[in-house]
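Colleague: Mind docking chain B on chain A? Use the hints.
There are 2 protein chains.
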Amino acid sequence: MNWEKLARELSLKTPTKIVLLVLDGLGDLPHQGQTPLEEARTPNLDELARQSVCGVTDPVLMGVTPGSGPAHLSLFGYDPTRYLLGRGILEALGVGVEVGRDDLVARGNFATLRDGRIVDRRAGRIPTEENRRLCARLNEALKGRTNPRITLYPGKEHRFVVKFSGPGLCDALSDADPQKENKPITYTQPLVPEAEESARLVNQFIDEVTELLRDEAQANTILLRGFARHPTIPTMEELYQLKPAAIAHYPMYKGLARLVGMDILEVGPETADIFRVLEENYEAYDFFYLHFKKTDSAGEDGNREAKIRAIEELDPFLPRILKLKPEVLVVTSDHSTPCALKSHSWHPNPFLLHAATARVDDVQCFTELSCQAGHLGRFPALYAMSLMLAHAGKLKKFGA
Amino acid sequence: MNWEKLARELSLKTPTKIVLLVLDGLGDLPHQGQTPLEEARTPNLDELARQSVCGVTDPVLMGVTPGSGPAHLSLFGYDPTRYLLGRGILEALGVGVEVGRDDLVARGNFATLRDGRIVDRRAGRIPTEENRRLCARLNEALKGRTNPRITLYPGKEHRFVVKFSGPGLCDALSDADPQKENKPITYTQPLVPEAEESARLVNQFIDEVTELLRDEAQANTILLRGFARHPTIPTMEELYQLKPAAIAHYPMYKGLARLVGMDILEVGPETADIFRVLEENYEAYDFFYLHFKKTDSAGEDGNREAKIRAIEELDPFLPRILKLKPEVLVVTSDHSTPCALKSHSWHPNPFLLHAATARVDDVQCFTELSCQAGHLGRFPALYAMSLMLAHAGKLKKFGA
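Protein sequences, first through last, are from chains A and B.
Read in order, the letters of the first sequence correspond to residues 136 to 535 in the working numbering.
Read in order, the letters of the second sequence correspond to residues 136 to 535 in the working numbering.
Pulled out of the complex, with its shape left as it was, chain A reads as follows (with noise of 0.2 Å):
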């Protein structure tokens, strides 16, 4: 069974709208008796699944924890086991880099070498701003290049992104990284004998980069893996005749969002402003994905308390989305993040649909357990994108 197939043959373009509601990370596991969703007031919530039809999904299979990039792209409708995203796509969506279909990009690291030996893989682990003076003087150096042309993007205290961006880029590429401390720099080596000019390319721009840094007392190398360019991935376009639109905070969801053929909304940095915007722009459009991040850093932080805060913030919300009348609304998440595990889990997610066309169940609350006996059971995060375009009319009938 194929669903991307079926898509394909099925899908309708309708003036139908469907608003796409992800609490990043919400799934929890219960500390003295409840979870946090279970604790949060959310009168809203408990209406809402009161009036919807509800479920749990698995975002891949039962037991396997996903990470951003195939959690959402399974409630985008896409097979993640199908669609790889390599580690430097995502490190470069999570910085805000642009990815193109002409692109090649990497995770960097600066380093510190002495006497031709890698002495410290992280340059000692140099402060953030640092690594902002490096790229900039690096990018003012490197900025006439074409074929490709070259582009840094500063992340985390050593950690950054490289963009080489021209025809004929290939990834077939392995780690320029010694992986261990006093070894001499590692080249990258092609994989593949289309890899070759690549391979040549980039090992070209470690040594120049060697050579622009030899003043620098800490950051005077760098270490580039998990090469990778844009995935081949059909649009939602594509795929469902949708013309969709992201509202998200984080550059990662947002980049996600963009690899799948969404447009993305500006949107400023409060809670409000994602159903600010989605008013806004809710004529253009005829799917939304919105996304709350708050609940998924607290289950980081392992922060009960912030998590309950976020789950009660975002609450009040939901009438705003209910007043625009929306043919489907789902509310739901990409995995869990339990606050005891600090960590994305494998724990499946309570899942709402809310339609005209919803056989409404009988469950009073949006909770783990409460959804898990709706209507829709327990079932794959992937057929969350059909039941979707079912509901919203979307759909055509298969066969006769």
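Check before you lean on any hint, since a few could be wrong.
Identical copies look the same in the list; a pair holds intra-copy or inter-copy alike.
Straight-line C-alpha distance at most 16 Å; calculated EDC-like pairs for lysine to aspartate or glutamate [said to hold, decoys possible]: (1) 140 <-> 372; (2) 315 <-> 173; (3) 428 <-> 450; (4) 532 <-> 435; (5) 140 <-> 214; (6) 315 <-> 398; (7) 291 <-> 264; (8) 531 <-> 139; (9) 152 <-> 415; (10) 378 <-> 398; (11) 532 <-> 173; (12) 532 <-> 193; (13) 140 <-> 436; (14) 429 <-> 408; (15) 458 <-> 414; (16) 531 <-> 310; (17) 148 <-> 372; (18) 152 <-> 343.
These aren't lab readings, by the way, just hints derived from the structure by calculation.
Modeller: Chain B only, in chain A's frame:
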């Protein structure tokens, strides 16, 4: 996980019997709190649910609305995305044409040709009576013809089915239909080299019919589309070692049953006739597919009262099946047909399986939502067949 491969390997011939009762289009949406199935008085179905294991099924994939073809194939254990039934085949089955392994069928329209242009693609929607006269006239004119033999079968208004019978026919043919009016006759084109001879025969037939009908005022030519041969599909005997029979009132369902190798039992027009024929033929087969159409027809008409009446009409017949003591009785549906949508939908189907080997659950009545809470949960309809075979002792252990 390939069920078909497992089925061939594990199926056993045994004297046990299976009855599959399909209430077409049964599932619905709540109206003022209740679905028709919830509102209907169904003491026998509810008692049976209490003694059964229950669940709900997705015919194809969550969110995907199936036509009757894919929905039934799934219930018979055939992956409906693998075995695709052309529109021509289904139309042919629908008007009761027996399609054999050497036959090529197509859907046809009578149309109006004037001054070399098709001016009406439906010949003014001629009455069905007129259609019958034209088909009889053409069949009379064509009756001496062999290789291929050609037969027309009238449908409603301007629609008919044509069957070409002879060896070596190929269905890789484009539609012989200009799609728009005021265009000349469009001939079929072979889509692969092996279809060239078939295209020549079909186009010669179009010219011949146009010549034969030249004195008709409105219906003086034909359009043909959806060319299809009998699909290559293993029989239920090949896959499951069953000797299956179908009891159905409508040609479409008899046709689908014939496609998978069932014998079609003659049946009178009343609901009671279905059960009488089951009783009379009970010894001769080990698998019975019983099809009840009225629930779907009421849904398609948007007639909620009629749907409730249909369910209540069926309910009293259940004890007659139980009296035969089949090892397995399944009551379910092929797809939902909600009255509010007046069409097939993607909503899952209630499912109950009654057998001495069933792990009976706590489900107290046979409704869409209560079945969801059953021990079978929500599952693909494709596994209805493995469950029926298993509970009837017809599947060996897999592996040692």
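Colleague: If a hint holds in the structure, say so; if it does not, say that too.
Modeller: Going down the list of hints, with the structure as the test:
no., hint, result
1, 140 <-> 372, "within (14 Å within a copy, 30 Å between copies)"
2, 315 <-> 173, "neither (46 Å within a copy, 59 Å between copies)"
3, 428 <-> 450, "within (14 Å within a copy, 46 Å between copies)"
4, 532 <-> 435, "between (43 Å within a copy, 14 Å between copies)"
5, 140 <-> 214, "both (12 Å within a copy, 15 Å between copies)"
6, 315 <-> 398, "neither (42 Å within a copy, 37 Å between copies)"
7, 291 <-> 264, "within (9 Å within a copy, 78 Å between copies)"
8, 531 <-> 139, "within (14 Å within a copy, 27 Å between copies)"
9, 152 <-> 415, "within (14 Å within a copy, 54 Å between copies)"
10, 378 <-> 398, "within (8 Å within a copy, 49 Å between copies)"
11, 532 <-> 173, "neither (38 Å within a copy, 26 Å between copies)"
12, 532 <-> 193, "between (26 Å within a copy, 14 Å between copies)"
13, 140 <-> 436, "neither (40 Å within a copy, 31 Å between copies)"
14, 429 <-> 408, "within (14 Å within a copy, 52 Å between copies)"
15, 458 <-> 414, "within (10 Å within a copy, 58 Å between copies)"
16, 531 <-> 310, "neither (47 Å within a copy, 21 Å between copies)"
17, 148 <-> 372, "within (10 Å within a copy, 43 Å between copies)"
18, 152 <-> 343, "neither (51 Å within a copy, 51 Å between copies)"
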